[in-house]
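Chain by chain, the residues run as shown.
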Amino acid sequence: MADLSVNIGGLQMQNPVMTASGTFGYGEEYADFMDISKIGGIIVKGTTLNHREGNPYPRMAETPSGMLNCVGLQNKGVDYFIEHIYPRIRGIKTNMIVNVSGACVDDYVATAEKINALEDIPAIELNISCPNVKQGGMAFGTTCAGAESVVSAVRKAYKKVLIVKLSPNVTNIAEIAKSVEAAGADSVSLINTLMGMAIDAERMTPVLSTITGGLSGPCVKPVALRMVWQVSKAVKIPVVGLGGIMNATDAIEFFLAGASAIEVGTANFIDPAVTMKIISGINDYLDRKGFKSVKEIVGALMV
Amino acid sequence: MADLSVNIGGLQMQNPVMTASGTFGYGEEYADFMDISKIGGIIVKGTTLNHREGNPYPRMAETPSGMLNCVGLQNKGVDYFIEHIYPRIRGIKTNMIVNVSGACVDDYVATAEKINALEDIPAIELNISCPNVKQGGMAFGTTCAGAESVVSAVRKAYKKVLIVKLSPNVTNIAEIAKSVEAAGADSVSLINTLMGMAIDAERMTPVLSTITGGLSGPCVKPVALRMVWQVSKAVKIPVVGLGGIMNATDAIEFFLAGASAIEVGTANFIDPAVTMKIISGINDYLDRKGFKSVKEIVGALMV
Amino acid sequence: MKKHIVDLKIVANDKLGDKHILMKLTSDVPLPEMRPGQFVEVRVDHSASTFLRRPISINYVDKEKNELWLLIQVVGEGTRQLATMEVGDKLNLVLPLGNGFSDPQPQQKTLLLIGGGVGVAPLLQLGNYLKQKGFQPMFLLGARTHKDLLLMHEFEKVGRVLVTTEDGTAGEKGFVTNHSILTTEKIDKIYSCGPTPMMKAVASFASKSGIDCEVSLENKMACGLGACLCCVTETKEGHKCVCSDGPVFNIKDLTWQI
Amino acid sequence: MKKHIVDLKIVANDKLGDKHILMKLTSDVPLPEMRPGQFVEVRVDHSASTFLRRPISINYVDKEKNELWLLIQVVGEGTRQLATMEVGDKLNLVLPLGNGFSDPQPQQKTLLLIGGGVGVAPLLQLGNYLKQKGFQPMFLLGARTHKDLLLMHEFEKVGRVLVTTEDGTAGEKGFVTNHSILTTEKIDKIYSCGPTPMMKAVASFASKSGIDCEVSLENKMACGLGACLCCVTETKEGHKCVCSDGPVFNIKDLTWQI
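Protein chains in written order, with the working numbering: chain A, 1 to 303; chain B, 1 to 303; chain C, 1 to 258; chain D, 1 to 258.
Hints were generated in silico from the structure; no laboratory data involved. Just so you know, even glycine gets a beta-carbon here, dropped at the ideal spot from N, CA and C. Wrong hints could be hidden among the right ones.
[Unchecked claim] Sample of chain B residues at the chain A side, in silico, Cβ under 8 Å: (1) Met34; (2) Met195; (3) Gly196; (4) Ile199; (5) Met204; (6) Ser209; (7) Thr210; (8) Thr212.
[Stated by the list, open to error] A few chain A residues that face chain B, going by a derived Cβ cut-off under 8 Å, partial list only: (9) Ile82; (10) Ile85; (11) Thr210; (12) Ile211; (13) Phe291.
[As the list claims (entries may be wrong)] Chain C is nowhere near these chain D residues, computed Cβ spacing over 10 Å in every case: (14) Asp45; (15) Ala48; (16) Met152.
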């Protein structure tokens, strides 16, 4: 039994497997299938300062080895979360992390401040890369200045572990990561979804109500691996890797590329209990290869 | 029988289906399977000023619904092309287009000049987006200034139809396209491959000799459609769409998104005669929908 | 109701006409409790173009034989692949999902179950359930032509079956909402599943006549668990997930223009 | 030789041990001409993770029965899927591809065909071809243990068969390059196919002994037609495509350090 524990910028985790925001609800939705407290970290869905209805239906399109979505951060707002959801989930015995999004810097800061007061939320994932909202979201994640501004502002207001989720829809993600690191982030997670589009040739219309949406699933894994590789060489803070991870082998590829932990997203839709298989599969790999700890294979790619 | 003819910035084509550079050799490789002169245009493989051995093996990795390659523009140089290959292929009764690449602006210009003298080559596709070469290539394609510099220089030297192939590895492809248009390009083609990476978890090594490579196949289609949609709204010159087109329905999606013609790439590897099926499938769609010409559905997406 | 991930064995996979299959599945252990109107998410293996699970409504649960029936319309490559599966093959399912139809009020005596196309599927399970509860469910089933009527013999075992066909080859000619029963009998509650235009017509009739009416919606889904929020529909309380808040909604909660 | 895209019908798909299958395919029309050493590109349907065709060397062509034999090692999901195919199923192939082995010179009398593992596949077709040409091909086949020796009865029909096994359970103990034949007989030409380390050892022996030697290489391929330049190998004339310039190379053209 290898040591699976990792520490992400101060966040201690029993294992390096987290669930990606927007794919695992608040955890409860999956409680029938496994003991969700065995997951290293659960990143609950994107939370904003105010209630958001999100985008109209249709919000999803199946694509080759993946899917597009344009949910658009539907959520009841941070106050509702604190009042109604937090009390239900604070007891879950693992890292409950809140994904925070906003339309402007003040929104991000106000939301982060409120969550900073929740003792059982040890970290937030700052989403500066949502491709499905008109204002904010990805806008902050596609320039160094934009990323720096929102991260440094939130850093002042938020005292716990700050993970910043990066957009892959950029020319140079390593530069963005460096700005985020300089602005005080404890960790970066990548990749968020690639901006894509699906068309119904028969109806001659876009499939998604918003025309474009965010691409996820195994189809994006090669791009995600490349970006994790580039970013992990550019920054000193730990990198959380995600993008099309379906099994333990995929997860190990991300560790080798330089990720200290990983997030499982779309795979939860195909196998609701996949996180358990990934955790045990990582352990099997480490045992078979004779590694004592998962930390030994982080960035261990032989080039 | 609908009218499939299109005109791409002065290049008249019997139908809007071309083969993508590097996936169809010089056409001859596929002559056993069909009458290749029935293809709207054949874009022969990347040609540089001097002979290039390309990158070491392994150069290819299969990925979910796609593949990575890092061939690295292996070719015998433009003089060899003119002396030995051009005489063989000039007789092929369709548009034979040369894809031109270079490490610096002078190389691009010198190569384009030599090809400008070949009467049976009506157009070139300027590759400012190859992710697999150390110098040049994508470097020119990822900044407006870089793109503008090489395109305007080549424009002065090259008098026929100039198509510029854009990189998808950018934050704002529409801006790059505008610079290319301003520099005098007759058309833009997109997308080139997405930069990706594959890892062999068992051997703990990259699969490709160059670590990263270019991703193609159906997995990139949603990104390609999105970028064709963005670019076709940003420029007035015709857009040539490519990226994971496997069948006629995929091709029609690109027309609806704004492409005036399309290129078939990776699909040639799975079905060497796929271009013929795509051409007839486009015609069937137009007939069934009652369109007289393929031009009627270019950018006809109802939003 | 606790959700499960199960591998079930196919005991029958029969073609019904050229567009549908009836798949019967069993297990060595007793099947979990499932409410009428709930659905399952099927994993489609060996289909290069099918990435996500496919939501399929529960057609019938045979407690004696420990069988789950799925009535599937063959539309895309995913369902085509399901149609090629053979007796003995295993199918991976997540079940039971969604809320299901609600029980009638004691005073609701005349219950009409209106279905169209493959939408008749959940009504068989619902009819059996209501019958066991001591109600006498009535079916009103619509199709384009008599050939498209599905599982008629099964419905007839459960209760009175009324039919409309657009070409008049069976039952009354026209749409379900044209059927004489709607004018001749006082209906206390309507349960409906079928094409959206049909359900909207049914909902329109029900609301005009002041009849309690539940409809089962079908949206494109990813997780099926209420986690991804992809399959939402407009309700008077905003966007709700068809997979977890539905698929069954009372029409008074929807924002349909009827 | 003209290349074709064909749908062939499976007439047999037999397991050989637990790691290999022998698939026999036929057609209503006569199969195209194929040279020994050439290969086919197989399209794998119903495999979500297999995107590209799989190159498989031609094991044998039975002119009388109009059959093409493919000896396939089951390694990944693609070949696993091929192993599940049944008699009567259709398989889509592009064939024949590559250059094939070259004919011996008239003065080359003693021909040794050295194979290891699944690499023995093309040597059966080559042996038959050489025999028809009036030569007396000799086979030297290596395996880890006797269980891993493939199609021995077929090879024995064609010519003398020598064997080495690493554990000594059949033939001489050791590697093919340890076999006594290499020291007791004067060999005029060697044809070899198998794991790269084996072929390099064979090539090393051949070049030291001044024996003409051809090897059949196996690289990862995309197009199989010499168009994509993915499957290149180093030669004295630079990168060459294994799919179109090979798969067969004379060792004097390669840059192996031997």
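A quick look at each hint next to the structure:
1. Met34: Nearest chain A Cβ about 24 Å off; hint violated.
2. Met195: holds (6 Å)
3. Gly196: The hint holds - Gly196 of chain B has a Cβ within 8 Å of chain A, the shortest such distance being about 3 Å.
4. Ile199: holds (4 Å)
5. Met204: Nearest chain A Cβ about 5 Å off; hint holds.
6. Ser209: Check failed: Cβ of Ser209 of chain B comes no nearer than 10 Å to chain A, outside 8 Å.
7. Thr210: Violated. Min distance 10 Å.
8. Thr212: Holds, because the Cβ-Cβ distance from Thr212 of chain B to chain A comes to roughly 5 Å (cut-off 8 Å).
9. Ile82: violated (35 Å)
10. Ile85: With a minimum Cβ separation of about 32 Å from chain B (threshold 8 Å), the hint on Ile85 of chain A is violated.
11. Thr210: Nearest chain B Cβ about 10 Å off; hint violated.
12. Ile211: holds (6 Å)
13. Phe291: violated (10 Å)
14. Asp45: violated (8 Å)
15. Ala48: Not fine: 5 Å to the nearest Cβ puts Ala48 of chain D too close to chain C.
16. Met152: At roughly 34 Å from the nearest Cβ of chain C, Met152 of chain D sits farther out than 10 Å, so the non-interface label holds.
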